[in-house]
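Chemist: Chain by chain, the residues run as shown.
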Amino acid sequence: MSIWSYANPVKFLALSARVQPVLWGAAGGCVCLGLIWGFFGTPDDARQGSTVKIIYLHVPAALMAINAWFMMLVASLIWLIRRHHVSALAAKAAAPVGVVMTVIALVTGAIWGQPMWGTWWAWDPRLTSFLILFLFYLGYIALWEAVEDPDTAADLTSVLCLVGSVFAILSRYAVNFWNQGLHQGTSVPVATGGRTVADVFWYPLLISMVGFGLLFIAMVFYRTGTEISLRRAAALRARSDGKA
Amino acid sequence: MLPELGKYAAEVISAYGVSIAMLLALVVLTLRRGRRARATLRLAEQEAKRDG
Amino acid sequence: MKALLQRDLRLALRAGGGFGLALAFFLIVVVLVPFSVGPETDLLSTIAPGVLWLGALLACLLSLDRLLALDFEDGTLDLLVTAPLPLEAALSVKALAHWVTTGLPLVLAAPVLGLMLNVPGGGYFWLVISLALGTPALSVIGTFGAALTVGIKRGGLLLSLLVLPLYVPTLIFGAEAARRGAAGLEASTPLLLLAGITLACVACMPFASAAVLRMGLK
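Chains as they are written, first to last, in numbering that gives the first Met the number 0: chain A, 0 to 243; chain B, 0 to 51; chain C, 0 to 217.
Keep in mind that the hints were calculated from the coordinates and are not lab data. Any given hint could be a false lead.
[What the hints assert, rightly or not] Residues on chain A that point at chain B, a partial pick, calculated with CB under 10 Å:
hint, residue
1, 34
2, 83
3, 107
4, 110
5, 209
6, 213
Computed from a predicted structure; not experimentally measured. C-beta atoms are modelled at their ideal positions from N, C-alpha and C, and glycine is treated no differently.
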């Protein structure tokens, strides 16, 4: 059985019904554990004081904000190439989750920046890129809302997602060129495998990141199911209207 | 109960408060919309069955 | 292709075609800036390149929604899609016409308006050349946005929301080149990057626009 068999909505819903309880449980557990451990069980940083605890929200949210867009990109490509409706709907379902993650990352960053950098907002490359990512999310969602025919909407948003990705990456480099940053380097450099965070902070952070990831996946499963239901209800209505 | 947060208590607690509120709001909205959509679908299916 | 270009240019030049509207908008934006930030010459000359770039960008945006919408309403667009001329070429021509009627006048007007904002002496060359290199990208990206929103009623606001984030890299490099030029710094690096973006956009975006237009009109 190949992965493509899950492009069938019935199979997808069956899989989704099977994995969702596990996903929601694990997501809730990891998020709660990570955040509670982070909030109650970790020491203050020598320089940052207790504000270091914000990292357990900020880093996972930022990570998922980018990964959500990446997932939408992959889903859009699958829709454009293989025309699986589930894929297009999954991309649609992921976008609002991505927006919330982006906003959490921006807000927690601002709250952290106020005491640490002495400012809520700085036109730093990382901050600015996130703001631009936020705008891309808004445009993507607005386009979904505006186009009436669902298949056309899926087509148009998919292309927007592709083109938007290219421009988002371009903007990232442009912004880097435009201003040198205040923001510290990444805390979790995946490529090099090393990390700049001490163990006491690292384990709750890791759990929190996994939790946010699972939460995103669970949410996308559920929301895709919602979209499938809506689409199917509309199709049934259209059919009975046609008969009457 | 609360750990000693020092002079940054307001910042840390507000960051947690805002983020958790947003996550909860997202989950609640998602579930509510999902329930409504599934109810609509059931209704439509029943109608379709009745009409033959 | 030539006929299409001539037609588009003639339509734009005719009264109510929108030619001059973008230019007037550009002028008004630049006139409003001293009212909003105060008349200090030093401040104005510092922000002048950025203001001119932003004004040009907004003026360009203003005329985008009529780029394809009018043709959509009277059915010309359906003819273009089915015409033997590749849609990619047709859209490139339309973007070119848009640039000739909005981008080019903006480039030519920029030095005059720069004078009003006290752009320092050496800055004019960089200002004009960065606008000349950057505005074609604005037109081509704008055509993509117009193609995305063509079938949508009241798509004007949505068009801005979609297109403005796409303008970010162009704006950054263009304004950076103009700013460095005005400050007497070395400005050829951002200028080259800007030229790169414009060339890539001109080469690739018509394909995306045409694909989107076909999907939208299907």
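Chemist: Would you mind marking each hint as holding or not holding in the structure?
Modeler: Each hint, compared with the structure:
Annotation: residue 34(A) was flagged as interfacial toward chain B, and the flag holds, the nearest CB pair being 7 Å apart, inside 10 Å. Of the supplied interface hints, the one on residue 83(A) is violated, with its beta-carbon coming no nearer than about 20 Å to a beta-carbon of chain B, more than 10 Å. Against a cut-off of 10 Å between C-beta atoms, the interface hint on residue 107(A) holds, since the closest Cβ of chain B lies about 5 Å away. Residue-level restraint check for residue 110(A) holds (minimum Cβ-Cβ distance to chain B is 4 Å; threshold 10 Å).
Interface hint at residue 209(A): violated, since its Cβ lies 15 Å from the closest Cβ of chain B, which is beyond the 10 Å cut-off. Contact between residue 213(A) and chain B, as hinted, is not supported at the beta carbon level, the nearest pair being about 13 Å apart and thus beyond 10 Å.
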